[in-house]
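Number of protein chains: 2
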Amino acid sequence: MTSRLVVIGGDAAGMSAASQARKRRPASDLEIVAFERGQHVSYSACGIPYLVAGDVTDPDALVARHPAEFLKLDIDVRLSSEVVAIDLDRRSVVFRSAAGSGASARESVLGFDQLVIATGGVPTRPDVPGSLSVGIHGVQTLEDGIRLLGYLDRHQPRRAVVVGGGYIGLEMAEAMLRHGLDVTLVDAAEQPMRTLDPDMGGLIADALRAEGVTLRLGERLEGFASTAGRVTAVHTSGGEIPADLVILGLGSRPNSDLARAAGIAVGETGGVRTDRRMRTADEGVWAAGDCVETLHLVSLRPVAIALGTHANKQGRAAGINIGGGYATFPGVVGTAVSKLCGTEVARTGLSTAEAAAAGFAAYSVTTESTTRAGYYPGARKIKTKIIAERTTGRLLGAQIVGEEGAAKRIDALAVALWHGMTVEEMTSLDLSYAPPFAPVWDPVLIAARKAAEALGSFS
Amino acid sequence: MTSRLVVIGGDAAGMSAASQARKRRPASDLEIVAFERGQHVSYSACGIPYLVAGDVTDPDALVARHPAEFLKLDIDVRLSSEVVAIDLDRRSVVFRSAAGSGASARESVLGFDQLVIATGGVPTRPDVPGSLSVGIHGVQTLEDGIRLLGYLDRHQPRRAVVVGGGYIGLEMAEAMLRHGLDVTLVDAAEQPMRTLDPDMGGLIADALRAEGVTLRLGERLEGFASTAGRVTAVHTSGGEIPADLVILGLGSRPNSDLARAAGIAVGETGGVRTDRRMRTADEGVWAAGDCVETLHLVSLRPVAIALGTHANKQGRAAGINIGGGYATFPGVVGTAVSKLCGTEVARTGLSTAEAAAAGFAAYSVTTESTTRAGYYPGARKIKTKIIAERTTGRLLGAQIVGEEGAAKRIDALAVALWHGMTVEEMTSLDLSYAPPFAPVWDPVLIAARKAAEALGSFS
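Going down the list, the protein sequences come from chains A and B. Just so it is clear: in the first sequence, position 114 is 114 by UniProt numbering, and no numbers are missing. Just so it is clear: in the second sequence, position 390 is 390 by UniProt numbering, and no numbers are missing.
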């Protein structure tokens, strides 16, 4: 008998799960229905800042696969269809499909044998006066990006305020610079990029200033002023900042409300709990993507990290398992990368503060080097920080800030971290060397050497 | 009482050893004398092709440290001084210092307590008629590079033949193109870059042809024709190739003759045998750099790989140990990287042929991807090949050929290889992702996925 897989959420995690399940089970064996409340499925949310910046000119370029392609695979994608409840007893979902007119919407019920919850994240909206004014934009969905481009085009704003100095904030600050706007970045912390140590975050602050961004650090957002419903200024604990356009880059939390309401276990991070096969505690119910929490393999604590690469891997694992195979997502080490104009930034593992919070006694070293042999044309600056455990020298985290060719070096560190290498062991790593690609001691090895020397392991 | 360390060979390995020993033991405790038969110490031999190409305009830029800097550290560097014998019984070396006139040279004896053999490599000179003709150049030493530049300048050659299609051959072919010469590359094998599988080597052949290099593959070198002592043609099994300039890029063998003559153990590769602390079997005698053999951590066989990064690490380990510390060089996984104009190439681990020779039953997969998200400007092609063990899926090797941003990805694979990861485990690796840096599945992960799927581990 044919059974039915229902997928809630049609982006990376949900559609990866659907595709992988379909690969292993034909339509005669498994019916697949995917509900997506928006207008697009399977697109790169991480690409939105580059769409807004103009690096990508066609929103369609961000779409990995269109609904028609899924239909060809016998995956029934339902756009503008929002699941509003999960009924575990009846093994069904209640969903609402937008009718022709936005106002009225039908509610219907569909049973499932297997369920994938891939509801994504909820962007943090500040609970301050005026936050619903026109001209305040989020950048979570492709619709958000298209809407922002339309706003830029129609209103020709002059002054943009970006609220939040994390990855999205950085990328959106660059996008606004590219549109020729005056850009102010507001963050409640004393540094942008709070996932970095303060010294490394300070380098990003310097880079932002050098690109002409006004920084308002250590300022709490208090509200928005508006005229005729349109934003005119941002109020912070430091004063008023005139604004024709505000971009919210405050991150997101796991969208686990639906799961929680259904009685599915949600962890301390607010993300749905799963095992390494992406199973929730409820038989036949899976979860993947920004709505779940996962294990941080260094702190060994649950974390909720919204990132397309995790969503894809988790969705794929869920789909393979639903398809009768075996695949796992063991966790993350906290790798991330971004850039601001010519400045690249990357991190993996725990920051110094995170290491302390996780109970590690840690120390750190920072080294400066070049991306190529110093004498080779195009050698660029790279600063590498390593955080390691006192007494053992075990690598706990690493951060890189530098110019072109710097950031991707974080991958070698991420793999070393995955294996719990000590900095001393790392000094022997057989990393690639030729003058156009690295100094004879790669910046990663130089950092490991200095960390090993600081530990005194060789003295 | 002061003891004496004698270092034979003043390049990367020897001078790293000297510096590290000095760091830990002052001159009052350890006298250090380093003999170098050439005119320069501590330079980047790997930089010579880029000096010849014109990327580096001053030979001095390749010199990491000058003799005067070592003198300041109380390291007595003796240039133009060649050690001609090691006497283990008397614990002394016999050396010859060039006198003012090249012809006569004094022979002297100097005792040692500790000895570092860092005699480097002997470039392979083909044993064919005419190989001593003027216009046939090696590119092993800085002197070689300077001499070649002088030849180019004085003789304005039009046709260059590069003999040998390995890393140096590739780099010198590019250097000659940059000088505007007609370039022919000769190799006895049917592909350039024999350390790659034939299909990946074929991509390099394509790239060479696209850059205008004439390839003469599968042709054995038979001799050189000359007029008035100057080379005019190269004879191969395939015919005659007119040449105004010949560059030999045939690799090198460990320069272990001095060690062997002294009765110090030399392995089957021709390299001096050491343990992981770089000790030879003889008490107080160390060896490091291109003259030693080391353990290949995948094949578990001894290999002799001439590479500056290994030489530096080995010399450093020897010096730390001589200084009373503890440091090791556990071996290599065979990582290498190079480029030909815009084409980057990298490899690590075993090739398919090497895996078979080492007794592995291996399979391989090749994947095509891009260096950035496909929609992001500047996304370039990258082809990634993975070689893995049948039945276990253990990674055995990897090869990359691609455009800008491709090759350095080999490092993540090299670290994975170092830890004996399976391709299935690798699919979970937390590699950095953002559209300017990678597709949502990094090319490394795509290759791992395909390799895992080929193994059938998920079906």
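Hint data in this document are derived by calculation from the structure and do not stem from the laboratory. Treat the hints with caution; some may be incorrect.
Chain copies aren't distinguished; within one or between two, either way the pair holds.
Within a straight-line C-alpha distance of at most 30 angstroms, the following computed DSSO-like cross-link-like pairs (lysine-lysine) qualify [what the hints assert, rightly or not]:
id, residue 1, residue 2
1, 23, 72
2, 383, 450
3, 383, 72
4, 72, 381
5, 450, 381
6, 381, 23
Now the hints, each set against the structure:
1. 23 x 72: within (12 angstroms within a copy, 68 angstroms between copies)
2. 383 x 450: within (13 angstroms within a copy, 34 angstroms between copies)
3. 383 x 72: Classified as between: cross-chain Cα gap 29 angstroms, same-chain 49 angstroms, threshold 30 angstroms.
4. 72 x 381: For residue 72 and residue 381, only the inter-copy Cα distance (29 angstroms) is at most 30 angstroms; the intra-copy one is 49 angstroms.
5. 450 x 381: within (18 angstroms within a copy, 35 angstroms between copies)
6. 381 x 23: between (46 angstroms within a copy, 27 angstroms between copies)
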